[in-house]
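Protein chains: 2
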Amino acid sequence: MQYLQSSGKVLTKKNINQNLVEMQYAVRGLVPITAERIQKEILNGDTSKPFKEVLYCNIGNPHSVGQKPITFYREVLALVDCPMLLEREGVEKLFKPDVIKRAKELIGLIKGGTGAYSHSQGIEGIRKHVAEFIKGRDGHPAQVGDIFLTNGASSGIQMILTTIIAEPTDAILVPLPQYPIYSALIKLLNGTQVGYSLDESKGWALNIDELMEKIREARVQGAKPKALVLINPGNPVGNCLSYDNLVDLVKLCKAEGLVLLADEVYQENIYADRPFVSLKKVVRDLGPEFSGFEFVSFHSTSKGIIGECGRRGGYMELCGFDPEVQAQIYKLASSGLCSNIDGQVMVDLMIRPPLPGDESYEDFTRERSAIFDSLKRKSIFLHESLNEIAGVSCQPLKGAMYAFPKLDLPPKAIAAAEGAKHAPDTFYALSLLENTGICAVPGSGFDGPNHIRLTFLPAEDKLKTAMSHFRRHHEMFVKKYS
Amino acid sequence: MQYLQSSGKVLTKKNINQNLVEMQYAVRGLVPITAERIQKEILNGDTSKPFKEVLYCNIGNPHSVGQKPITFYREVLALVDCPMLLEREGVEKLFKPDVIKRAKELIGLIKGGTGAYSHSQGIEGIRKHVAEFIKGRDGHPAQVGDIFLTNGASSGIQMILTTIIAEPTDAILVPLPQYPIYSALIKLLNGTQVGYSLDESKGWALNIDELMEKIREARVQGAKPKALVLINPGNPVGNCLSYDNLVDLVKLCKAEGLVLLADEVYQENIYADRPFVSLKKVVRDLGPEFSGFEFVSFHSTSKGIIGECGRRGGYMELCGFDPEVQAQIYKLASSGLCSNIDGQVMVDLMIRPPLPGDESYEDFTRERSAIFDSLKRKSIFLHESLNEIAGVSCQPLKGAMYAFPKLDLPPKAIAAAEGAKHAPDTFYALSLLENTGICAVPGSGFDGPNHIRLTFLPAEDKLKTAMSHFRRHHEMFVKKYS
Numbered sequence: 001m002q003y004l005q006s007s008g009k010v011l012t013k014k015n016i017n018q019n020l021v022e023m024q025y026a027v028r029g030l031v032p033i034t035a036e037r038i039q040k041e042i043l044n045g046d047t048s049k050p051f052k053e054v055l056y057c058n059i060g061n062p063h064s065v066g067q068k069p070i071t072f073y074r075e076v077l078a079l080v081d082c083p084m085l086l087e088r089e090g091v092e093k094l095f096k097p098d099v100i101k102r103a104k105e106l107i108g109l110i111k112g113g114t115g116a117y118s119h120s121q122g123i124e125g126i127r128k129h130v131a132e133f134i135k136g137r138d139g140h141p142a143q144v145g146d147i148f149l150t151n152g153a154s155s156g157i158q159m160i161l162t163t164i165i166a167e168p169t170d171a172i173l174v175p176l177p178q179y180p181i182y183s184a185l186i187k188l189l190n191g192t193q194v195g196y197s198l199d200e201s202k203g204w205a206l207n208i209d210e211l212m213e214k215i216r217e218a219r220v221q222g223a224k225p226k227a228l229v230l231i232n233p234g235n236p237v238g239n240c241l242s243y244d245n246l247v248d249l250v251k252l253c254k255a256e257g258l259v260l261l262a263d264e265v266y267q268e269n270i271y272a273d274r275p276f277v278s279l280k281k282v283v284r285d286l287g288p289e290f291s292g293f294e295f296v297s298f299h300s301t302s303k304g305i306i307g308e309c310g311r312r313g314g315y316m317e318l319c320g321f322d323p324e325v326q327a328q329i330y331k332l333a334s335s336g337l338c339s340n341i342d343g344q345v346m347v348d349l350m351i352r353p354p355l356p357g358d359e360s361y362e363d364f365t366r367e368r369s370a371i372f373d374s375l376k377r378k379s380i381f382l383h384e385s386l387n388e389i390a391g392v393s394c395q396p397l398k399g400a401m402y403a404f405p406k407l408d409l410p411p412k413a414i415a416a417a418e419g420a421k422h423a424p425d426t427f428y429a430l431s432l433l434e435n436t437g438i439c440a441v442p443g444s445g446f447d448g449p450n451h452i453r454l455t456f457l458p459a460e461d462k463l464k465t466a467m468s469h470f471r472r473h474h475e476m477f478v479k480k481y482s
Numbered sequence: 483m484q485y486l487q488s489s490g491k492v493l494t495k496k497n498i499n500q501n502l503v504e505m506q507y508a509v510r511g512l513v514p515i516t517a518e519r520i521q522k523e524i525l526n527g528d529t530s531k532p533f534k535e536v537l538y539c540n541i542g543n544p545h546s547v548g549q550k551p552i553t554f555y556r557e558v559l560a561l562v563d564c565p566m567l568l569e570r571e572g573v574e575k576l577f578k579p580d581v582i583k584r585a586k587e588l589i590g591l592i593k594g595g596t597g598a599y600s601h602s603q604g605i606e607g608i609r610k611h612v613a614e615f616i617k618g619r620d621g622h623p624a625q626v627g628d629i630f631l632t633n634g635a636s637s638g639i640q641m642i643l644t645t646i647i648a649e650p651t652d653a654i655l656v657p658l659p660q661y662p663i664y665s666a667l668i669k670l671l672n673g674t675q676v677g678y679s680l681d682e683s684k685g686w687a688l689n690i691d692e693l694m695e696k697i698r699e700a701r702v703q704g705a706k707p708k709a710l711v712l713i714n715p716g717n718p719v720g721n722c723l724s725y726d727n728l729v730d731l732v733k734l735c736k737a738e739g740l741v742l743l744a745d746e747v748y749q750e751n752i753y754a755d756r757p758f759v760s761l762k763k764v765v766r767d768l769g770p771e772f773s774g775f776e777f778v779s780f781h782s783t784s785k786g787i788i789g790e791c792g793r794r795g796g797y798m799e800l801c802g803f804d805p806e807v808q809a810q811i812y813k814l815a816s817s818g819l820c821s822n823i824d825g826q827v828m829v830d831l832m833i834r835p836p837l838p839g840d841e842s843y844e845d846f847t848r849e850r851s852a853i854f855d856s857l858k859r860k861s862i863f864l865h866e867s868l869n870e871i872a873g874v875s876c877q878p879l880k881g882a883m884y885a886f887p888k889l890d891l892p893p894k895a896i897a898a899a900e901g902a903k904h905a906p907d908t909f910y911a912l913s914l915l916e917n918t919g920i921c922a923v924p925g926s927g928f929d930g931p932n933h934i935r936l937t938f939l940p941a942e943d944k945l946k947t948a949m950s951h952f953r954r955h956h957e958m959f960v961k962k963y964s
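Just so you know, the protein sequences line up as chains A and B, in that order.
For the record, in the first sequence the residue sitting at position 176 is 176 according to my numbering, with numbers rising by one throughout.
Residues are numbered in my numbering as their position in the second sequence, beginning at 1, plus a constant of 482.
Simulated from the structure, these hints should not be mistaken for lab results.
Fair warning: there could be bad hints in the mix.
[Claimed, not checked] With beta-carbon atoms standing in for the labels, derived distance ranges:
# : chain 1 : residue 1 : chain 2 : residue 2 : range
1 : B       : 900       : A       : 221       : 48 to 56 Å
2 : A       : 22        : B       : 805       : 17 to 25 Å
3 : B       : 897       : A       : 221       : 53 to 61 Å
4 : A       : 24        : B       : 614       : 32 to 40 Å
5 : B       : 699       : A       : 24        : 33 to 41 Å
6 : A       : 222       : B       : 805       : 53 to 61 Å
7 : A       : 111       : B       : 617       : 44 to 52 Å
8 : B       : 805       : A       : 24        : 14 to 22 Å
9 : A       : 104       : B       : 947       : 55 to 63 Å
[What the hints assert, rightly or not] DSS-like, lysine-lysine: derived pairs with alpha carbons at most 25 Å apart:
#  : chain 1 : residue 1 : chain 2 : residue 2
10 : A       : 224       : B       : 496
11 : A       : 40        : B       : 593
12 : A       : 13        : B       : 706
13 : A       : 93        : B       : 583
14 : B       : 946       : B       : 531
[To be verified] On the chain B side, residues computed to face chain A include the following (Cβ under 10 Å):
#  : residue
15 : 541
16 : 543
17 : 555
18 : 852
19 : 853
20 : 854
21 : 899
22 : 947
As the structure is a prediction and not an experimental result, all values here were calculated from the model.
C-beta: ideal position from N, C-alpha, C; glycine also.
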C-alpha cells in the first residue's frame with residue numbers, strides 16, 4: 001500500500017505520472033534556474049561575478065527586460081476593470097475621449113463585467129471582432145463559432161493536442177528545432193513526436209521532400225501521423241516561410257491526412273522584406289477543393305509588438321473540423337470554465353488599434369513604432385555581430401524575437417561537457433552565464449543541438465554591451481578548450 | 483491512413499482522445515446550453531415562453547447575475563495595470579490615498595508589471611502574502627515555496643491530478659455528490675474514480691466507516707487509491723465539516739496512504755454557526771507525527787464574497803510533498819509559463835483587505851457586508867422555501883453558494899424521462915427551465931441523482947419570484963405524472 005513507500009511518502013518520483021517525469025521544458029530549465037540563483041546572490045551582495053546583473057535573453061518576455069506597455073491598451077483596460085471611474089468627476093481629465101469610448105464599448109460587450117465567467121469559448125462580441133480581424137488580414141471570412149479565446153496560445157495548443165492524441169502511436173510532426181511546448185505536451189499526453197528538420201543552410205527553410213520522407217518513415221515504424229506543427233514566423237529560428245512553401249505544405253498535409261497546427265504568434269514580428277502570410281489565407285486561396293481541410297491557427301497577446309505576456313491572452317481559430325469533434329473541444333474548454341477576461345479584452349485591443357483621427361492615435365503609433373523599430377534594429381545588429389564571431393554562425397533573422405546561432409565547439413569542450421554530464425550547448429550556456437551574466441537557452445532544449453537561443457528583447461545599449469561580452473567569452477571558451 | 487476516414491475528416495469522434503469523448507461536464511451541459519438557446523430566442527422576440535428572461539442558477543458566477551464587484555479591488559487593479567495614471571494630475575481626485583498606496587506597493591512587487599510573465603509559481607511577493615494569510619488564518623506557518631498561484635482553482639486541481647494519476651488503476655476518492663471537475667479530469671487523465679457517499683440524512687456529513695469500506699472495496703477490485711478529494715464547504719451540497727470529522731479523515735488518510743486534496747474555495751461562504759476549519763490547521767494541530775502528511779489546499783478568487791470569477795485567480799498550497807515530486811509539479815507549472823498576473827493581483831487583494839483607518843475601509847466593509855448578508859438571507863430563504871414544497875427536501879445550507887434539494891419524482895415521471903432518454907433529474911430540470919426560465923443543473927451531473935443544484939446568487943427579489951414559480955412548477959409536474 002502507498003504508505004509503505006521507502007521515502008515514507010505516498011507520492012514519489014517513481015510512482016507519479018512518468019510522462020510528466022520524462023517531460024522536458026528547457027525555457028525554464030537548468031540555465032535559467034542557475035541564472036535566478038546568481039541574480040539572487042548578486043542582490044544579496046555577492047561581488048565575485050564579473051558582471052553586476054544577469055541579462056535575461058532566455059525567454060520572450062519583453063516587459064521583464066524593460067519594454068514599456070502601450071499606454072492606450074492599459075488605459076482602456078483600467079476603465080473596463082474599474083467602470084466606477086466612468087461615473088467620477090475628473091475622469092475625462094485622466095483619460096482621452098476615445099479611451100473612454102472604447103472602454104464603454106467593451107463594457108457593453110462583457111455581460112457581468114470582467115469579474116464574471118464568460119462563454120467557454122470567450123465573449124461573443126470579442127470573438128466577432130477576431131473574426132473581422134482575420135477577414136481583414138486574409139480577405140477570407142471567419143466564423144465566430146470557430147474562434148476560441150484562450151489563456152495565451154499555450155492553453156489552446158494543450159486543448160488541441162489533448163483532443164488529437166488518442167494513443168501512444170498517434171504521432172505529431174514538429175519542426176526541428178522547435179518550441180518545447182510541443183515536445184513537452186506530446187510527452188505529457190503520451191503521444192509520439194516525429195521531428196522534421198528545417199534546413200539551416202537555406203535560412204531554416206522547410207524541405208517538403210524531407211518532410212514526406214519523415215512521414216513515410218514514421219508509418220513504417222508503426223506510428224500514425226495525425227497532425228503537423230508549423231511555427232511561422234519561426235521560434236527559435238526566426239525564419240518566415242514563403243507563400244509557395246506554405247502551399248506545398250498544405251497540399252502535402254491534405255494528401256497525407258494530417259491536421260495542420262499553425263503557431264502564428266509572431267505574425268507581427270516581421271523584420272525582413274518577406275511579409276507574413278497566414279495559413280488561413282493560403283488554404284482559402286487554394287479554393288473549394290481545400291474548404292474541408294482541417295487546421296488550427298494560434299495567436300497570442302504575449303508576442304507581437306505589445307508583448308503583454310502576463311495577460312495570458314490569445315485565441316485559436318479552428319477550420320474544417322468535424323462539428324462532433326469541435327463539440328468535444330468546446331466541452332474541454334468548458335471544463336476549464338473560460339479564459340481570463342482581461343486576457344480576452346487584450347485580444348480585442350490587440351486586433352483593434354486606435355484609428356487615424358482618434359485622440360490616442362498619434363501617441364499609440366509613436367509608442368508602437370518605437371518598439372518595432374528597435375526590435376528591427378536589434379534583429380539586424382544581433383545577426384551581424386554574431387556572424388562576426390569566428391566559430392559562430394547565425395541565419396538571417398526575418399521574424400519572431402530570437403537568434404539561434406550555431407556554435408562550432410572544440411572537441412575538448414565537448415569532452416568536458418560529457419564529463420560534466422551536460423549537452424555541449426548546455427555546458428556552453430552555463431559558461432556564458434557564469435562569465436558574462438547572459439542567460440541564453442541551450443539549443444538542445446529546442447531539439448537544435450550545438451546552438452543557443454538568444455532573445456533580442458533587452459534594451460539596445462545593454463544588448464550591445466552583452467554582445468561584446470559574448471564575443472570575448474566565445475574567444476576565451478574556444479581558446480580554453482583548444 | 484487518416485484521410486480515408488468515412489467522414490472525409492482526419493479527426494472524427496471515433497479516433498480522437500476517447501477519454502475526452504467520455505468525459506462529462508454538466509455545469510455547462512445540456513440544460514445550460516438549452517437555457518442559452520431559449521434566452522437568445524427571447525432576445526430575438528420570441529414571446530411564447532411563460533417568462534421574460536432565463537434565471538441562471540446553474541453556475542457559481544455571482545457577477546453574471548448582478549452581484550457588483552467590490553470597488554477597492556477594482557480601483558487598485560486599475561492603477562496596477564495602468565501605472566501611467568499615477569503620474570497624472572488629478573489622480574488623487576479619482577483614487578483614495580490608500581488605493582494609491584496599495585497600488586504602488588503591488589507595482590513594487592511585480593517585476594516588469596502585469597504585462598510580464600512571472601515566476602512559474604507566481605510573483606514571490608504575493609506568495610509571501612499568501613503564506614502570511616495562511617499563518618494568520620491557522621496559527622501555523624506556511625512556506626512561500628509551497629504556494630503556487632494558479633488560473634482559478636481548476637488549473638491547480640488539473641496540475642495535481644495530472645501529477646498523481648500514473649496508470650488507469652490509480653484511484654482518486656471523490657465525495658458523492660461531487661463537483662464535476664474531479665470526475666471530468668479523472669476521466670480525461672484515464673484514472674479510476676471511487677466515490678464515497680456523504681450522508682444526506684445527517685446534513686451531508688462524511689461517514690468514516692463507509693469511506694474505509696470504499697477504500698477496501700477499491701483495493702479488492704485492483705484499484706490503487708492514491709488521493710482523496712475533500713470539498714469543504716461542500717459543493718454542491720453546502721455542508722461544512724466539523725473539526726472532529728476532519729481529524730478522523732486526516733488520520734484515515736495517513737493510515738491508508740492517501741494524499742488529501744482539499745477544495746476550500748468556499749472558505750469565506752459560511753452562513754451557519756459552525757466556523758470553517760482549514761485542513762492545514764487540523765493537520766498541524768495534530769502535531770509532529772503528521773508533519774510529513776501530504777495534502778494540498780486549493781483556494782480561488784472566484785467564490786467567497788468577492789466572486790471575481792473572470793479574473794481566474796487562485797492558489798494552492800502543497801504540504802508534506804517529496805521535494806522531487808514538487809519539482810515535477812513546478813516543471814508542469816513552468817510548461818504553462820505562469821498564471822495570469824491580474825488574477826495573481828486579485829489573490830493578493832482578496833487576502834489583504836483594507837484595514838481600519840484606511841480611507842477605503844468603510845466603503846469596503848459596507849459593500850462586503852451587503853453581499854455577505856444577502857447571501858446569508860438567501861441561503862436561509864432558499865432552504866426554507868424548498869422544504870415547504872411537498873416532495874422536495876433540502877438539508878441546511880451551512881456554506882458555499884448552492885442548494886442541492888432532493889426530489890421525490892413520481893414513477894410516471896421516471897418512465898417519461900426514460901422515454902426521453904434523460905436521467906429523471908435532467909428531465910425535471912428541462913421541464914423546470916421550459917416552464918419557469920429557471921436554469922438549474924441536474925444532480926446526476928454531480929453524481930447526486932434525483933437532486934438538482936440551484937445557486938442562491940440571483941438578487942433576492944428575483945429569487946423570491948423564482949421560488950414561487952419553482953413551487954408552482956413542481957406541483958404541476960407531480961400532478962402531470964401522477
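Here is how each hint holds up against the structure:
1. As the Cβ distance of residue 900/B to residue 221/A is approximately 49 Å, the hint placing it in 48 to 56 Å holds.
2. For the pair residue 22/A and residue 805/B, the beta carbons lie near 19 Å from each other, so the given range of 17 to 25 Å is met.
3. The hinted range of 53 to 61 Å is satisfied by residue 897/B and residue 221/A, whose Cβ atoms lie roughly 55 Å apart.
4. In this structure the hint that residue 24/A and residue 614/B lie 32 to 40 Å apart at CB holds, the actual value being about 35 Å.
5. Judged by the Cβ atoms, the range 33 to 41 Å given for residue 699/B and residue 24/A holds: they are separated by roughly 39 Å.
6. Between residue 222/A and residue 805/B, the C-beta spacing of about 38 Å breaks the proposed range 53 to 61 Å.
7. Taken as a hint, the range 44 to 52 Å is violated for the pair residue 111/A and residue 617/B, whose Cβ atoms sit roughly 38 Å apart.
8. Taken as a hint, the range 14 to 22 Å holds for the pair residue 805/B and residue 24/A, whose Cβ atoms sit roughly 19 Å apart.
9. Take residue 104/A and residue 947/B: their Cβ atoms lie about 31 Å apart, and the range 55 to 63 Å is violated.
10. Our distance criterion of 25 Å between C-alpha atoms is met by residue 224/A and residue 496/B, whose separation comes to about 15 Å.
11. A distance of roughly 14 Å separates the Cα atoms of residue 40/A and residue 593/B; the hinted pair therefore holds under the 25 Å criterion.
12. Proximity of residue 13/A to residue 706/B is assessed by CA-CA distance (about 17 Å); at most 25 Å being required, the pair is judged to hold.
13. Our distance criterion of 25 Å between C-alpha atoms is met by residue 93/A and residue 583/B, whose separation comes to about 21 Å.
14. Proposed proximity of residue 946/B and residue 531/B is supported: the alpha carbons are some 20 Å apart, at most 25 Å.
15. Residue-level restraint check for residue 541/B holds (minimum Cβ-Cβ distance to chain A is 7 Å; threshold 10 Å).
16. Taking 10 Å as the C-beta cut-off, the interface hint given for residue 543/B holds, the closest approach to chain A being about 5 Å.
17. The closest approach between the C-beta of residue 555/B and any C-beta of chain A is roughly 9 Å, which is under the 10 Å cut-off, so the hint is satisfied.
18. With a cut of 10 Å, the hint placing residue 852/B at the interface with chain A is violated, because the nearest CB-to-CB distance is about 15 Å.
19. Using the Cβ-Cβ criterion of 10 Å, the hint placing residue 853/B at the interface with chain A is not satisfied: the shortest such distance is roughly 12 Å.
20. Interface restraint check for residue 854/B: the shortest CB-CB distance to chain A comes to about 16 Å, outside 10 Å, so the restraint is violated.
21. The beta carbon of residue 899/B comes no nearer than 23 Å to any beta carbon in chain A, farther than 10 Å, and the hint placing it at the interface is violated.
22. Violation of the interface hint for residue 947/B is found here, the shortest Cβ-Cβ separation to chain A being roughly 20 Å, above the 10 Å cut-off.
Checked against the numbered hints above, the structure breaks hints 6, 7, 9, 18, 19, 20, 21 and 22 and satisfies the rest.
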